[in-house]
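Undergrad: Residues per chain are reported as follows:
Number of protein chains: 2
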Amino acid sequence: MYRTHTCGELTLGDSGKKVTLAGWVQRSRDLGGMTFIDLRDRYGITQLVFNMETDPDLCQKARKLGREFVVQAEGIVAERSNKNLKIPTGEIEIIVERIDVLNTSDTPPFTIEENTDGGDELRMKYRYLDLRRQNVRSNIILRHKMAQEVRRYLDGQGFIEVETPVLIKSTPEGARDFVVPSRIHNGEFYALPQSPQTFKQLLMVAGFDKYFQIVKCFRDEDLRADRQPEFTQIDCEMSYIHQDDILNMFEGLARHLFLEVKGLVFEGPFPRIPYDEAMSLYGTDKPDIRFDMRITELTKAVKGLGFALFDDAPYVGAISAPGCAGWSRKQIDELTEFVRRPQIGGKGLVWARVEADGSVKSSVDKYYTADDLANIALMTGSDAGDLILIMAGPGEKTLSALGELRLEMARRLGLRDSSVYAPLWVVDFPLLEWDDETQRYYAKHHPFTAPKPEDIKYMETDPGRVHANAYDLVINGTEIGGGSIRIHDPETQSLMFRTLGFTAEEAQKQFGFLLNAFRYGAPPHGGIAFGFDRWTAIMGGSDTIRDFIAFPKNNQARDVMIDTPSTIKQEQLDELALDIRKKAQQE
Amino acid sequence: MYRTHTCGELTLGDSGKKVTLAGWVQRSRDLGGMTFIDLRDRYGITQLVFNMETDPDLCQKARKLGREFVVQAEGIVAERSNKNLKIPTGEIEIIVERIDVLNTSDTPPFTIEENTDGGDELRMKYRYLDLRRQNVRSNIILRHKMAQEVRRYLDGQGFIEVETPVLIKSTPEGARDFVVPSRIHNGEFYALPQSPQTFKQLLMVAGFDKYFQIVKCFRDEDLRADRQPEFTQIDCEMSYIHQDDILNMFEGLARHLFLEVKGLVFEGPFPRIPYDEAMSLYGTDKPDIRFDMRITELTKAVKGLGFALFDDAPYVGAISAPGCAGWSRKQIDELTEFVRRPQIGGKGLVWARVEADGSVKSSVDKYYTADDLANIALMTGSDAGDLILIMAGPGEKTLSALGELRLEMARRLGLRDSSVYAPLWVVDFPLLEWDDETQRYYAKHHPFTAPKPEDIKYMETDPGRVHANAYDLVINGTEIGGGSIRIHDPETQSLMFRTLGFTAEEAQKQFGFLLNAFRYGAPPHGGIAFGFDRWTAIMGGSDTIRDFIAFPKNNQARDVMIDTPSTIKQEQLDELALDIRKKAQQE
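From first to last, the protein sequence lines stand for chains A and B. Using our numbering, you'd call the opening residue of the first sequence number -5 and step up by one each time. Using our numbering, you'd call the opening residue of the second sequence number -5 and step up by one each time.
Rather than coming from a laboratory, the hints here were simulated on the basis of the structure.
Chain copies aren't distinguished; within one or between two, either way the pair holds.
As a list, the in silico PhoX-like pairs of lysine-lysine whose alpha-carbon atoms are at most 25 Å apart:
(1) K139 with K210
(2) K576 with K563
(3) K324 with K360
(4) K563 with K503
(5) K11 with K80
(6) K503 with K119
(7) K438 with K451
(8) K12 with K77
(9) K80 with K256
(10) K355 with K324
Given the sequences, and given the hints that come with them, work out the whole structure.
TA: This is the structure we're talking about:
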């Protein structure tokens, strides 16, 4: 070893010890006759001190060290006169007796500090330097800790980690696959998995009983902000279980992670909110329940009183923002602008405020009596000082806009504290989704998701009404994971395919492989998959998954550090028997 | 849950309990008035019993259950009259009161037994049924256990698990890359990593200090038996260390795995054998030291005595097989045939045997005196009853052939017991390998491997003589892993490139990316990578990695279960702007 200790472990108890440290020069200061160097490694920072009087040569040598030089220093641990109590090593320093430069460094293109002067592009290009910054490094260490604790919990619960293949087969449905041309079988391709869904179900058929994997998955999507073409899933499946068994098992995983990673304990079970309720109370299937401000439907209460906007609307709903009655015209105008953004799609905003005396003032006073308005205040549970925000329009769209407004109000009121965690289960998702364009139902989850037994009777008469044994884990308004109980009997599976408009032949062609396996004694089973990047980001108090991936790609699916994708040699194309179309090359 | 207990846990202590089990029908027997069913799950087998007298309907129902039907059975735990002490549940049975068929099964294409009647192709096609067999399942469970223990050890030693990207850049040197066409950047490609070598070195530059990952790697090679296009590595790197630190750390990992997975403890450190010694004593850089029978060089001792074969040979060497003096002519002929196989490449075999009275008889008696032969016996350490096998020819080739003969003799003598483990380190590999065809030196490991400091002086004058700080872990004659200390200073790196015949421009073009990173303060570092499939197979007492991979590919790189690689849709090719050459399609 080049060191006896790390830069993060020496304290007053080590005073007088002769030690050797190795690390990077974080900072260097000359104060009259003394030179101080902050030496940094993964574990912390330790101050090195050089005295011009006692050893001028050594001190001169120290003064020549540049930022990010790699050095090895030997010396004696001593108490500091000027203590820094913010860091564990802040009470000591090393009186250096020998220092060797292990490597020099060019001046880094940005400062290696928590608040760096480097822009996003530059930091990504020099990601290996960006990763030296303490905050970025601690994100990656958090991810490591999450991964170990996920495995510790699941291993302890009898799950078997099985690696499923990466070179698999392209499937026609779903998102776009990345494909890999075969050299041995020219003209044929592998595909990279979007998820190990098929394989984990096969492992249940194989009798593995409880499976998990922390696994890279791939989706060739048009990239939106903070999507990655390769991402990591915690993928799990269990046999001989009902929905409750899965929710309990993985609520246990979430509790384990909160405890081990954040030191947090949650009293009582996580709330379980049916999908329909989540939509009507929060306007979303991933409600942020760190705060209340639920949506109240007012449709019946406000209709027929002469205000055309409400009279004509299929749906009217409101949220009540506590203590916001005093908001200015300008502030309310900002909210109106917010809901009118194209991505929110609201027409406008009606407000009503509950005055200190309990009376209600509103922007539509002329249409509604004091009693009408008092009734609205009552329905929305508003007290003196609260601001009621009302929207009208088509049900689904208006609920969604109210949901967005609810989040925006919470943001403005500081109710979305990233150190507060509010996990919940959303359950009873619809089994099917109607698509107007193709005029057919699609599986909301996938075609192997089991309908709720009590809803099977509607499968042929009213498919939209059928709910599924499908569930999502939501934390702070973000979907962390989701899954379902799978269909394991051939009759229900046939019914499902009929409902989706597949002939038996089509079903066989697309899913034949799994259907064949199911003929050999598939057990009842179900599972869940979590977005590991996302979950880690949330645990790190961030929305940005890229900060929790060591070497992420940018929004163009490009790794700017290694400059990929890139062209390959003609020999490689020849071996694969592939030609790149000229038109594309010229683009 | 569909069960109160698994099929592997009920014992006499549970007698009288009412339980519910779920699993697969392994076997069913009708004995007069009784029907017995072996119910199987991942955890074991439990006997269900049905009595025609007490409940004829239930018994009739049980008799109709086919092999691999999935059933749920409720009943009372009772002591068996006819105990099976080979399995933990063999002292009890369940007197069934209710049985439900959860799923039926077609007759499986082969028997789900340890010794199945299914051939290799068939079992691979129905791998999900093959995985139901207890021996195959326990291989995969062993792999799970290995993976958890690898992580437990390395996490405990302060290693951080970091996921490196799968979509990386194609590199010109080394084995062939699998490539992934980019849809967003037409004409450009990602490549799948052959190893995370570059990224782990970057993580050291980034200050991660100790990194590991259990990671899929990809190599598009022409497949030899038991090679897989995708395979799994335990990939590790450390900073501020010397070679000894790495060997000690990973010897610790090996000891941890042997203890936790096999219950084995090794006294004393693993032997560390220099490469040159391994080659001269065992004829290979991966010696199997479960047995002795080392090679003795006889070149000087046998020359100049008139036997042309030896006189003309650059090298003569021998092994001495204990207790084989009595081997028949036929047996020795078999050995001669063995060494003459093209893959061994020996010309023939000379033998000498030490008789009970200490005299030596040999196939070349006419050229050598009794004293000459006695001397050979002495040199090879042979005692009465031993058989000396001598080969002659070019040094390297003959040593290699003697090495193979040594393994073959051990096989015949039953000295290669797969339940015995003999780990060792081979160290001090040559830094460079001369290639006759291209008339240049190549890096034996990779161009970032550090030469041994004491050999740097030969770098320009006699490069073949330079040894590296490179090492392999070998168990039972199989290389389990290997690594090296890396070059971290620019001067040694330039020297290395000059020795490999690279101009500065060429070096920059091929390795510029890593060289740039090294300019910003690279710490001294080194690492190792283990073949996880191979190591698991060895721990499972097998040579065949395919048996330890849940869903392997065949020797044509094809997954016969999901039938991939396969053709993709024209739309997919269009989006990628790729054309498949017609000639290739017709092949």
